[in-house]
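Participant: Spelled out from the first residue to the last, the chains are:
There are 2 protein chains.
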Amino acid sequence: MIETDIELLKGIANQLRIHSINATTAAGSGHPTSCCSAADVVATLFFGHMKYDAKNPHHYNNDRFILSKGHAAPLLYAAWAEAGVVPVADLTKLRTFGSDLEGHPTPRLPFVDVATGSLGQGLGVGCGMALAGRLDKLDYNTYVLLGDGEIAEGAVWEAASLAGIYKLNNLIAIIDDNRLGQSQATAFGHDTNVYAKRFESFGWRVEVIDGHDIEEIAEVLQGVGLDDKPLAIIAKTYKGGGVSFLQDKDNWHGKPLNKEEAAKAIAELQPSAKSGIGVSVQAPSSLPEPKNTAPSSYPAISYKLGDLIATREAYGAALVRIGEADPRVVAMDGDTKNSTYAEKFFKKFPDRFTECFIAEQNLVAVAIGFGTRGKVPFASTFATFFTRAADQIRVAGISTANLKLVGSHVGVSIGEDGPSQMALEDLALMRSVAGSVVLYPSDAVATEKLLEQMAAKRGIFFLRTSRPKTPVIYGNDEQFPVGGAKVVRQGDKVTVVGAGVTLFEALKAADQLKSEGIGITVIDAYSIKPLGKKEILEAAKKTNNTVITVEDHYPEGGLGDAVAGELSAEGIKVHKLAVNGLPRSGQPTELLSHFGIDAAAIVKKVKSL
Amino acid sequence: MIETDIELLKGIANQLRIHSINATTAAGSGHPTSCCSAADVVATLFFGHMKYDAKNPHHYNNDRFILSKGHAAPLLYAAWAEAGVVPVADLTKLRTFGSDLEGHPTPRLPFVDVATGSLGQGLGVGCGMALAGRLDKLDYNTYVLLGDGEIAEGAVWEAASLAGIYKLNNLIAIIDDNRLGQSQATAFGHDTNVYAKRFESFGWRVEVIDGHDIEEIAEVLQGVGLDDKPLAIIAKTYKGGGVSFLQDKDNWHGKPLNKEEAAKAIAELQPSAKSGIGVSVQAPSSLPEPKNTAPSSYPAISYKLGDLIATREAYGAALVRIGEADPRVVAMDGDTKNSTYAEKFFKKFPDRFTECFIAEQNLVAVAIGFGTRGKVPFASTFATFFTRAADQIRVAGISTANLKLVGSHVGVSIGEDGPSQMALEDLALMRSVAGSVVLYPSDAVATEKLLEQMAAKRGIFFLRTSRPKTPVIYGNDEQFPVGGAKVVRQGDKVTVVGAGVTLFEALKAADQLKSEGIGITVIDAYSIKPLGKKEILEAAKKTNNTVITVEDHYPEGGLGDAVAGELSAEGIKVHKLAVNGLPRSGQPTELLSHFGIDAAAIVKKVKSL
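Protein chains in written order, with numbering that gives the first Met the number 0: chain F, 0 to 608; chain W, 0 to 608.
Here chain F stands alone, though its shape is the one from the complex (with noise of 0.2 Å):
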């Protein structure tokens, strides 16, 4: 690199600083010093050295920028704002309603893939995106940068391994070591040899360097790619770094400065500053774009009424059906493919399935990371160990990711494993998610057909499938709208509403008491957010108004909130069945009777009103 490109970057860093300075300052709130630390790193990633072409941020083959550290956003604005997308007078609008330049990135923006802003999520996300890169054989990479602080997140860790033990070349991670967290110093300082061994150990290649010095961050840039594993670079800097009153003092964590802090930290910045609009970039080399359309319709299938298959079976089955339809479609799973039936895609696609071991964060942010490169991505584990990756999903809610989770093993029904296999607050957590859709089939059909509605919709969905094998219910043809849901029986006493397994209690009590004279309507709430509250209500209607729920869930959060929340407004009264205590070990029978949510519960319950 010449040593004019060096002055260039040198420049346009600290216009970067002066950017994110004047952005936190109109706002009143913010990290500037946060931005300060990183704007060295930032200025040589985005004017001498990532490829990419700005008049299009989402191009196939543009390298990926992932700002992990999401609390410096206004850095990162700042420096689209410098490539020309962002126009430089609504930097400060920062933080303001209606601007999309929000205190941390969200895909709002086009440039920005993924919400960041609660810590240590990136760089799972980044694995995802080098294993896509790979997979459509792109040569883009992935670069991340981290906080030194937020090295601290186990979901790092995940992620770190990961990418060792799939030599992803493609990703850098690059660790902004300012020493200074949010409210004292880091438990390692400027030790930055603490960080090196660790992602050494964990497979990376490691290039400790000082983090203001352009010409180092250059020179270790060359270096990605040329061998077989991730690249880390341990930049050493200072929290507020090249601002004389600011650089490396405590107590500046997440403040803004006042105006005449401000004016004097920009008094210093502005003589050498430089601005980057117009400094020509490396565009994406010319590999072909990969063909990742929906296709027109999936293959028929074909069971047969009566067959007794789980619907975790069912999952294995349609995952192979639709991915043989759509090369979108990737899988992964976190070492339970042999329970999850994920095995079958697997062994019929191992290229496009990723193994992510035992690190369910990790499993999600990889699919998010899969989602956000045009793949339809399926990730799968026991519905309970997704609660371990609760806040990724979350934030995949903010990214309005396009994600598709499929839970098994869940509720008391598991049996002897005992509760801390037992999905029982799944239903809960992925309710509370924005925008998210769940899915709660009974059969293999409708988990056929729910699966192919996840596969062609964009949006975070999560499928519950069950570990006992059930009957076939539904004829071939049928059809499960997201949002519907199913009268499988009718009476006119109450309408009993459940899924899964309960849908055959329910359906067990429904002949015994119709046997005794007494008819109950039985719903399938295959569809539990959004719910199918047109056809209950409906059916609730016709029966004195009043519903029973039950589910093999907590009571908590689950079908019956969703019922009693949606219809209580409409004068139903809502009668809910749950599993009433903290399960155990035993057989399915037994506790679904014990924790009162078998077909005799039901007809206790019916009676009773």
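There may be inaccurate statements among the hints.
[Said to hold, decoys possible] Computed, partial: chain W to chain F, Cβ under 10 Å:
(1) Ser274
(2) Arg393
(3) Ser419
Worth flagging that the hints you see were computed from the coordinates, not collected in a lab.
No residue lacks a Cβ here, since even glycine has one placed at the ideal position from N, Cα and C.
Fit chain W to the known structure of chain F by using the hints.
Facilitator: Same frame as chain F, but now just chain W:
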């Protein structure tokens, strides 16, 4: 260690294998091969190394043992049977309904401190126990047995990092490196060097041993506590180790032997098997028992009506006040202590505070560990970051842990930082935890009074604090029983239920409506779970059986669902106002208005009814 001891331990290990095989064969499910790999380590720990009083598994100075690889439960039960705690005849009741010998260990058993089975959680709890031992000046050690597969979990590395930082040389991790996961081999197989380097880089002393060689195991255990680092023992083992036709074979994960196979295995093991019953073990040393008794009362509070105090500030004040009276109280935070106000406690009682850095899974695990040792642990961070520890909290429910979580910065009312920092799903998540209590105070007095109860009562509590300052509306003598609610305004048209910032919006709405001649009842639902059902129902019956809930939370699983779920069966109509879309940055007032939960939205809703 003399020859006869080694032969005895070898014999006991085989006896543990026999028990594990018999129990799983009787149960028809379980993980015998995962027991066999660790049998030599467990035999040596229990009968040749650990100090404990088997007659009193809860003894304050017993060495602690956590089976983080909880699926090897039969091995744990076998060890305690040979130690004389579990009747040997009970072992074959494994996994049956009514037996406390569940599929994965739970604290129904006196020698189990925490439920395991959701992998990767044991080491963090071990950190808490080790820190508690140090605080109490006890010399017990904490041994955590992990599988090699679970090392992929980020939670393990959060714990490893903390143990290294705090030089917990009373914490010992033993990695049962048996090479085989559930669905395939682990990524690193028998490459013990990978694990060794990782633990070393995280600040641990590491020993690599043959995990089937009793002599080696016993020898490295002699080195416990000899330096100032935690000790990781990487034990190379074979899944199914000790049984010729199981050892190191694929496809034996989680499979019991059939009767013939079991007989064949036992025929191999029996000749050298020896009983541990009657073998003497070292007693715990007789250091003074820590005083972990509750105080009879707490000092009084003195707030002034109308004073503006954020509930998060009141948390900091309460923690100091309660901590002064109650020596059991300890606190921990994830580098947010200046925002959550836990810093006040840290400054007052630095020895009783643990900075856990940005690692929320471990923050919660450390708290759980302290809780098992008679402490009352208060863990704080932004409420939404507890989502990162959702699985630890879920499993805490199974552990019936003593755990106090205090989450700040909730809802859109935090404003400019944007959605990644806003807790909008925390009520759903916390309500869904078995046995949890969920509290949401609106002013400083309520906060202080609820915190007193959290300290005094055993169990899992979550208290939601707010960022904005709110006026003190209750007198210092007001009581806030868990499970109650306060009627703060009375009218006849409708009952509006709020909490936190929305309570104040409801009060504003009441004022405006009153000026228009419309009276509403306003209820402060400070106890979300258990809900103040009685108070709300009573009020609703006087207001046309109609309730409006208003919450700074998504519509799913929070206050609205809680009220609807409890009251709809009583014929009450519940209308929900909640954050009705994906939030963004902005001023709190703008966001409350835009997302439909401010006074104007309440007025509009009331008038629409």
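Participant: Evaluate each hint against the coordinates.
Facilitator: For each hint, the structure was consulted:
1. Evaluation of the Ser274/W hint against chain F yields a violated restraint, the C-beta minimum of about 27 Å exceeding 10 Å.
2. For the restraint placing Arg393/W at the interface with chain F, the shortest Cβ-Cβ distance is roughly 5 Å, inside the 10 Å limit, so the hint holds.
3. Checking Ser419/W against chain F: minimum C-beta separation of about 3 Å stays under 10 Å; hint holds.
The structure shown violates just one earlier hint, number 1.
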